[in-house]
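*Asks:* So the chains spell out like this:
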Amino acid sequence: MNEVTKKIREVALKLLQKKKVDLVIGFEKGTLPLRATPCFVRREEEADRLVWNSFCENNLAKYIIRRPERVAIMAKGCDVRAAVELIKENQISREQLVIIGIPCQGMVDRRLVKAELQEREILEVVEKDNELILKGGDFKETLDRNTFLYHSCKTCTHRNPVIYDVLVGDVVEESNVDPYEDVKQFEDQLPEERWEYFSKEFTRCIRCYACRNACPLCYCQECFVDSSSPPWIGKTTNESDTAIFHLMRAFHLAGRCVECGACERACPVGVDIRKLHRKLARDVKERFGYESGVSLEQVTPLATFKPDDPEEFILNP
Amino acid sequence: MKTTTIKKKDIAGFLDNILTEYKVFAPVTRDERVVFEEIGAGSEAILDYQNTPMPPKGILFPQTERLFSYRSTKEIPDIVVPSFEEKQQLIFGIRPCDARSFTILDTVFDGDVKDPYYVNRRANTVMISIGCTKPQATCFCTSVGGGPFSEEGSDLLMIDCGDEYVVKVASDKGTRLLEKRGFEDAGKDKLAFVEEVIKKAEASMGPEVETDGLKEKLDKSFNDPIWMQVTDKCLGCGLCTYFCPTCHCFDIVDETVGSAGERIRIWDSCMFPLFALQASGLNPRPTVKERFRQRIMHKFSYMMDDYGKIGCVGCGRCVTECPVNLDIRQVLDKISRSEDIK
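Chains as they are written, first to last, in our numbering: chain A, 1 to 317; chain B, 1001 to 1342.
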């Protein structure tokens, strides 16, 4: 068992014993290799289920939205950013939330690993330092975990929790990668090329809404796609309806998306959902100086108005 | 039972021959994913794959299907029903679990009430399945009445025996398909070898999911708090239902522009909030708990009541694809073993 797992269990146990929280949300071992799975611990004796490894890929802040009870979450850098936005948007109060912050080394992209092994079925994974030791019926392969991280983890600039109540594990070095390098390249393309790219991406979408439901900032009590009167959007996989779903979602998340990548991890057909969201995140950062989820104090751009706003998008479209 | 053999190197030619008469769907690689698609040449079909992430369900029951189009220029609108495709089609390389899934869809769409769209397509479809010599760890077909070499739903079943496939004829459609081509009988020795292959594959299956007594247990569980526990982490998306080869719930929508439009059938999902919402505004399944329970109950209890069979073929897609690794096998196991449900 790794040190972080051990510590997390201790912290969780203590929180439950001292009745500081009613529930601890974390991860436990998944039923499949390369998977951890969200875990809800309410009883002291269950604290031992919690684990921390390279497969804790879900954003657990999804589960704290409008919770009535006092809750603790195991939170990576991105889970904390989502929690910060949710607190600011009054979806949970800071007082009822205990953040068990965990500096994150990035999560392993299970699909990338599987693709590397092609049709060979992985039956067991052991982690050793930075190595992933994969075992199958008739093979054993060792991969460097850092080569197989999610793209959202490779471009992450907030691996350490920005706020926390308890910090478990050592602070990690923040990467100085330019998170928007690919977005900038994309911006340089012709509008037709960009449209073609998105059109092709959206054709794969099957409208299962896994992206929306995995997103910690998508919490409308009634999503516009679920409205039947009026039906704002067609329900088929017609190209324009699918595009509207993704475009509207992107706009709705402008200045709110914390770039955790939960949407893409959930997407079963590999739609490049994040490109749109990151383009908007970059615009919001450049134009309004706002980066989502990094400060409890800074007012969100959609919740404020400045009389001297140049409003160039209206005057100079 | 009739059997024959076909060399692996002859498969492409075999399919080319079929292509002269049939529209052929086969597993192909698109954007690094294996999917069932219509092929133009036999060589496009890949033989060496585990299973397609997306089931071939959509070939007979498309996600979006136009039922008819209309134009209302007078009191009674003009309605145009699409003509049914006459051409025979063949699904090649389907896994036995997926071939079996169509027998479950048959009970729904081809039962007392016939769905002409499905029934027509189904009647024109021949299925050639490839048995699973290497079942995956997520497969549980044997727990729900199937098996890695189940012939149910297949017209021909191919069994990988190295350089060649031994082909078992599983239906009259299969017989007719082979008669035209004229293949030789497989012979006793090969069949004995096949028995070994089958035994070995079946022995390699993971632990069984207990389904004996499951229905009775489920029927008593409706109001049990266990549903809260097992659905804690469910995100409430529709991924599991869309990836399920037997999920068949649909919605019907009208898409109208001006005075003309189309009536379209689309896949629906019991996991969606809109699914059970009533016109009064009441939603009898207001949260993920009720929706997930419905999904499990439908497959493992209500389908038993209605059709006498489990509505799951154990393909394991919902297990593999679930964004939060909510494993149906674990859920069923928890319910089966629960001592509180009485």
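Just so you know, the hints here were simulated from the structure itself, not pulled from any lab data.
Note that CB positions come from ideal geometry on N, CA and C, so glycine has one too.
Careful, some of the hints might be misleading.
SDA-like, lysine to any residue: derived pairs with alpha carbons at most 25 Å apart [to be verified]:
{"id": "1", "chain 1": "B", "residue 1": "Lys1008", "chain 2": "A", "residue 2": "Arg120"}
{"id": "2", "chain 1": "B", "residue 1": "Lys1134", "chain 2": "A", "residue 2": "Glu239"}
{"id": "3", "chain 1": "B", "residue 1": "Lys1023", "chain 2": "B", "residue 2": "Asp1172"}
{"id": "4", "chain 1": "B", "residue 1": "Lys1009", "chain 2": "A", "residue 2": "Met1"}
Some residues of chain A that are not near chain B, with every Cβ distance over 12 Å (derived) [as the list claims (entries may be wrong)]:
{"id": "5", "residue": "Val21"}
{"id": "6", "residue": "Ser93"}
{"id": "7", "residue": "Pro103"}
{"id": "8", "residue": "Glu119"}
{"id": "9", "residue": "Glu121"}
{"id": "10", "residue": "Gly136"}
{"id": "11", "residue": "Glu141"}
{"id": "12", "residue": "Trp195"}
{"id": "13", "residue": "Asn238"}
*Asks:* Now tell me, hint by hint, if it's right for this structure.
*Replies:* Hints and how they fare:
Under the criterion of a C-alpha separation no larger than 25 Å, the hint pairing Lys1008(B) with Arg120(A) is consistent with the structure, at around 21 Å. Taking the CA atoms of Lys1134(B) and Glu239(A), the gap is about 38 Å. The hint is violated against a cut of 25 Å. With a CA separation close to 19 Å, the supplied pair Lys1023(B) and Asp1172(B) stays within the 25 Å bound. Restraint check: the Cα-Cα separation between Lys1009(B) and Met1(A) comes to about 50 Å, which exceeds 25 Å; the hinted pair is violated.
Every beta carbon of chain B lies more than 12 Å from that of Val21(A), the smallest distance being close to 15 Å; the non-interface claim holds. Even its closest Cβ contact with chain B, about 21 Å, leaves Ser93(A) beyond 12 Å, as expected for a residue assigned away from the interface. For Pro103(A), the requirement that its beta carbon stay farther than 12 Å from each beta carbon of chain B is met, with the minimum near 23 Å. Its closest Cβ contact with chain B, about 6 Å, brings Glu119(A) to no more than 12 Å, contrary to its assignment away from the interface.
For Glu121(A), the condition that its CB be more than 12 Å from all CB atoms of chain B is violated, with the nearest at approximately 6 Å. For Gly136(A), the non-interface assignment is contradicted: its Cβ lies about 10 Å from the closest Cβ of chain B, within the 12 Å cut-off. Against the 12 Å criterion, Glu141(A) stays outside the reach of chain B, whose nearest CB is about 17 Å from its own CB. At roughly 19 Å from the closest C-beta of chain B, the C-beta of Trp195(A) stays outside 12 Å, upholding its exclusion from the interface.
Residue-level check failed: Asn238(A) sits 7 Å from the nearest beta carbon of chain B, not beyond 12 Å.
In terms of the numbered hints stated before, the structure departs from hints 2, 4, 8, 9, 10, 13, listed from lowest to highest.
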